[in-house]
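Here's the letter readout for the chains.
Number of protein chains: 2
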Amino acid sequence: MRPSISVIACLVSSALAQTFQRLGGCPDLGCVFPPDQADFLAGQYFDIRLEVHSPVNGSEARTGEPDQDFKFTITKKDGSPVPATKYFKVDEPELESWNFTWYEDLFAQDADKPSLVNVTSKIYRRVALYEPGEYEATLTYYGNEKTVANWLVRDLPSKRRAKNVVMFIGDGMTTNMITAARLIAHRNINGKYMTKMALDKFPVLGHQMTHSMDSFITDSANSATALYTGHKTTVNALNVYVDSSSDPFDDPKFETISEIFRRRYPDGGVGIVSTAFLADATPAGLAAHTSDRGEYDHVISAYYEGLTKYEWTNWDGPDVLLGAGAEDFLETDETRDYYNLFSEKGYSLAWNKTALHDAPTDEKLLGVFQKSNLATWLDRNVYQANLLNQSNYPDGSDRDAEDLPGLKDMTLKAIDVLHDRHSEDGWFLMSEAASIDKQMHSLDYDRSLGELLELDDTVRATIEKLKDLGELDDTLIIVTADHGHGFDVTGSVDTEYLNAQEDDRSKRNAVGYYENSGLSQYTVAGPNSLRYSEGVHFPSRWDPRYTLHSGVVAFPDHRENYQVHSEGPRTPATEDKKNGYYAAYKDAVTGFVVNGTLPLDAGQGVHSLTDVPVFAQGPCQELFGGVYNSIDIFFNMAECLGLSEVKE
Amino acid sequence: MRPSISVIACLVSSALAQTFQRLGGCPDLGCVFPPDQADFLAGQYFDIRLEVHSPVNGSEARTGEPDQDFKFTITKKDGSPVPATKYFKVDEPELESWNFTWYEDLFAQDADKPSLVNVTSKIYRRVALYEPGEYEATLTYYGNEKTVANWLVRDLPSKRRAKNVVMFIGDGMTTNMITAARLIAHRNINGKYMTKMALDKFPVLGHQMTHSMDSFITDSANSATALYTGHKTTVNALNVYVDSSSDPFDDPKFETISEIFRRRYPDGGVGIVSTAFLADATPAGLAAHTSDRGEYDHVISAYYEGLTKYEWTNWDGPDVLLGAGAEDFLETDETRDYYNLFSEKGYSLAWNKTALHDAPTDEKLLGVFQKSNLATWLDRNVYQANLLNQSNYPDGSDRDAEDLPGLKDMTLKAIDVLHDRHSEDGWFLMSEAASIDKQMHSLDYDRSLGELLELDDTVRATIEKLKDLGELDDTLIIVTADHGHGFDVTGSVDTEYLNAQEDDRSKRNAVGYYENSGLSQYTVAGPNSLRYSEGVHFPSRWDPRYTLHSGVVAFPDHRENYQVHSEGPRTPATEDKKNGYYAAYKDAVTGFVVNGTLPLDAGQGVHSLTDVPVFAQGPCQELFGGVYNSIDIFFNMAECLGLSEVKE
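So the sequence lines, in the order shown, correspond to chains S and D. By my numbering, the letter at position 467 of the first sequence is numbered 467, and the numbering carries on one by one without gaps. By my numbering, the letter at position 533 of the second sequence is numbered 533, and the numbering carries on one by one without gaps.
One or more hints might be untrue.
Copies of the same chain are indistinguishable here, so a pair counts whether it falls within one copy or spans any two.
Stated by the list, open to error - As a list, the in silico DSS-like pairs of lysine-lysine whose alpha-carbon atoms are at most 27 Å apart:
| id | residue 1 | residue 2 |
| --- | --- | --- |
| 1 | Lys586 | Lys146 |
| 2 | Lys122 | Lys309 |
| 3 | Lys192 | Lys76 |
| 4 | Lys77 | Lys647 |
| 5 | Lys122 | Lys586 |
| 6 | Lys192 | Lys77 |
| 7 | Lys647 | Lys201 |
| 8 | Lys192 | Lys146 |
| 9 | Lys122 | Lys192 |
| 10 | Lys467 | Lys201 |
| 11 | Lys159 | Lys146 |
| 12 | Lys196 | Lys77 |
| 13 | Lys71 | Lys196 |
If you are wondering where the hints come from, they were derived from the structure by calculation, not from laboratory data.
Chain S on its own, in the form it takes in the complex (with noise of 0.2 Å):
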């Protein structure tokens, strides 16, 4: 009956704590980072972080101090131990210590009892594996305790074959998502679509795993990191691998794509586009060192001037930067004044769409064009009241920013900025969609797919471009996601009917599924539909009588009535201090409650597991097929550029 299947003793050791954990990758009392299974490009810079725990109390506890005499080895395969000061020629760093507490689980956490841990510490800054192959780095501790990180170093070609990437990231976007919005905007006649999107046309699909280096969900800087650097790590943390420690600014680093294709092509150009601020996470990823993603003035400080702190790779900011989040970058008695500080170093400065449009080509340029997230595509062209008495012009003065670019927009002048710039020796450029993930939070899903369809409208535009500049053929072009949200449809609803009955149970027989399902009305054009340009879809209508009945599988108490919030964004719960999230009423009136089953102090839907899309073109594009983990997007795109620098 159970062919190949038996009983048996404990496989693996192991009491891995869950909800908590003492840290992160490191699940002995001795740490190494990067820690076992790190992957390398070949010359990529990192810095290395050692701990040796002595845990107080909690199931772990011991006695003694932490070990302040612990040994570390690098070992080439086949080779000997060789002790790290001697491998990277580099000095024996001073120890440190500090200690930290956690928590082993929930039942702790409710009875305030945490667990102290004693550590003492090394870093050994800025080192690099120049040879491919495996290693064995060693932390000898306590004695006889060991703890070995297996690495490799990827033995890549280093012959560059892409002149250009071009990077997408739409943030939070799934399979599931691009489903959806190719339902509201392309016209289907049984079953057969007319029309293609942009991304249904790329020549190879893959799938990458989005998770984090010690948790399965993970965030967008955790996210971004993987795809930037080729290293996972923990949640909110950029371009470091998280040690105990709790300055935000001290965790071990490694090099980014953009520092490496500046540093190996001093006459390359990188610019930055998200409809987010810019200090968010995604963006950010492509500067930032730090464990701390809301370290927002250290990220636009990285943009700057790079890192200031540690010696590290010469960055001297990207040649374009177009986004959002004004209150980062103006005056405060923290923070400096970045627009005067940019402004000095060369870059043109765009605070509207005008600017942005008149901007030279021939500068630097940063644009930024209001405060908090860019207004979504759908308040910028259908509900475009919800624009005033935001308050939100980029130069911290009270009016409303209303002449504001998209995505296409500030992607398409990025692009004739780095053309003019570094036509001979290549750019690289991330574009993201940032917001297709901050509506699927507020579960708004209307806003969201209309943020990936700005999303696909500015790959079809770029694509487009690129062959009118001659650079299509020299240009990687990749979309992909940094995570997912469980969203998905499941039928339609009339909502004529939702409306019209009484009570909460009655309103969900609006929902029609399997043959009730029937197709899209989103496409079909009535006395107020919108018109778009040849080869530009989006929906002609938003609010047809029959919508999606669409929803995320994990939530707050909300309410819903599957209807477009025409009066601005989505907030489904409000906070009660003392008894965390409930539905809020005046989000969804006319519809019914919905229970939430995340935990309480969770007032948005969060990301999830599922494996997201990539869908590449140009050179290396056959790279991207299949399935794979996020930081081959990294490596793949490192071997495209030819960023692998061997050295014997």
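Starting from the known structure of chain S, arrange chain D on it as the hints suggest.
Relative to the frame of chain S, chain D by itself:
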């Protein structure tokens, strides 16, 4: 502000019904099936149904009877219209007439105000188009009213490139589920998986769109039809377009890949394997032709003797037919003793795993292993007590079916038989992991993922077997799905903490998301862990303290405790005949209530919109990359098998 958008008058005149439709695929009063945009394989048999509607009441009401003198012509592109009788060299069909009713919307249904439609109709049976290119099929009625169906006979190379095809269907399987299955069955160290799923090793990945002809959500009958025939149709239909008559067997048919394969290669073999009852839609799609998938006796009869009511392709049944659903093979007042009939026709018969193993490989083989659907992998391999007291032995006796094969046993045996009998001319095998879908419907995510892992193990073992037989290089292997469910994972659940909390809201605080999701504990062995053979991957345990926070996007009222249902498959909701489905308390006593988002008549989860993955390897694998329609799977397989039959 809105560069490419302007408000315009009506683009498309349409008052499409949504929840209900007068007749899917027929927005006008004249209907042509195959409808507009239908694609054909050259030489594929099909029927043509014409209807003219005269609505008596409702929004489309007209006076007068439906036209009896409608005309129908075929026009090859750049040619002249030719009457269909002449084009196909067939007699003019007899005129039929009937009427039917439908509801215009939910309000009409509540008020019980149906719309009545009178119909005239003709049907041309068993015709084919042999010349690739575009055609116009034009119905002229009510004088000058015209319904034009644009048809395309695809221009495919007719050289056969694959000797064999194995088509795996993970019913309801999505990328999200594959990601979750990987998480619980494969060990991961610091973000790197130590082993790969068989699916993750496929060289080519694609996405296919699963929507119906007339609704954006599909079911397994309609989607099986698309995959096997290249024709999208209506939910619940098998290999026919659905006409408006009440007879489930008179609808216009089209030929399936198994029928064409056997017609073109009389010495080729066909195998059908499923973990569902064999009359279920996905296996049935290789033999049956009916608008109602619930016509189970028709399905079994079609396996046995093909179609008998109308002249059709010659089909003498599959070589191998393995699965469950014994009740449909037993003699009743209304049905024949199929066991006996199959035996008389030369099939050997297996009722348990031992008999399956011992069955001769040079004879045709029918294996039916229990009543209803096959017990799940989890019940067959881990919670075997659930196999007892089921009185489900396939001979109709009251014994329990305990000696059960799994998908792998059935698939490998099917290959043995097909290889033994058809090593010269090749074979086509469909193998379905049916309960990925069935267990997802009942929100039993553990059982569903177990089925998915069994599929993955079967794929792995199939590749090994084909290699051993020397057939791997000549065999196209495809793994895909027929539709999705809106499933995803958003974190972990501390089940000890959840069970210890007393109120519904506090229980939600057991959920850990983002960094608090931690690492999968399903792969961490404990004292009662399961162990598998080399390369075989399933969870080591199904009941760790920290489980997955899983869900689907739409659901009935139910309770959740996020713990494996060790006492048997879930029943999330039970029906109160007056008020619809409510949460079943006993289903998850320690959990909390989640109120539903589906109509009150839905006691289970439903299918979702998402594109589903396609994994391909072998001859023609390059046809399966990128994004395409489900029907393209049929055309790609047909191309690879050289089934396109072009004549002038």
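Do the hints match the structure? See the list:
1. When the C-alpha separation of Lys586 and Lys146 is checked against a cutoff of 27 Å, the pair qualifies neither within a copy, at 58 Å, nor between copies, at 50 Å.
2. In this homomeric assembly, Lys122 and Lys309 come within 27 Å of each other (Cα to Cα) only inside a single copy, at 17 Å, whereas the closest approach across copies is 83 Å.
3. Taking identical chains as interchangeable, the C-alpha atoms of Lys192 and Lys76 lie at most 27 Å apart only when they sit on different chains, with a minimum of 21 Å there against 57 Å within one chain.
4. Taking the shortest alpha-carbon separations for Lys77 and Lys647, only the intra-copy value of 16 Å comes in at or below 27 Å, while the best inter-copy value is 64 Å.
5. With identical chains, the CA atoms of Lys122 and Lys586 are never at most 27 Å apart, being 54 Å at best within one copy and 55 Å at best between copies.
6. In this homomeric assembly, Lys192 and Lys77 come within 27 Å of each other (Cα to Cα) only across copies, at 20 Å, whereas the closest approach inside a single copy is 55 Å.
7. Within a single copy, Lys647 and Lys201 get their C-alpha atoms no closer than 40 Å, and across copies no closer than 32 Å, so neither meets the 27 Å cut-off.
8. Proximity of Lys192 and Lys146 under a CA criterion of 27 Å is satisfied inter-copy only: 21 Å between copies versus 61 Å inside one chain copy.
9. In this assembly of identical chains, the alpha carbons of Lys122 and Lys192 lie at most 27 Å apart only when taken from different copies (26 Å versus 62 Å within one copy).
10. For a Cα distance limit of 27 Å, the shortest separation of Lys467 from Lys201 inside one copy, 15 Å, qualifies, whereas the shortest one across copies, 34 Å, does not.
11. Proximity of Lys159 to Lys146 under the C-alpha cut-off of 27 Å is found in neither arrangement, the shortest distances being 39 Å within a copy and 61 Å between copies.
12. Taking CA atoms no more than 27 Å apart as the test, Lys196 paired with Lys77 passes between copies only; the shortest distance there is 24 Å, against 50 Å inside one copy.
13. In this homomeric assembly, Lys71 and Lys196 never come within 27 Å of each other (Cα to Cα): the closest approach is 59 Å inside a single copy and 35 Å across copies.
Consistency with the previously given hints fails for numbers 1, 5, 7, 11, 13, ordered from lowest to highest.
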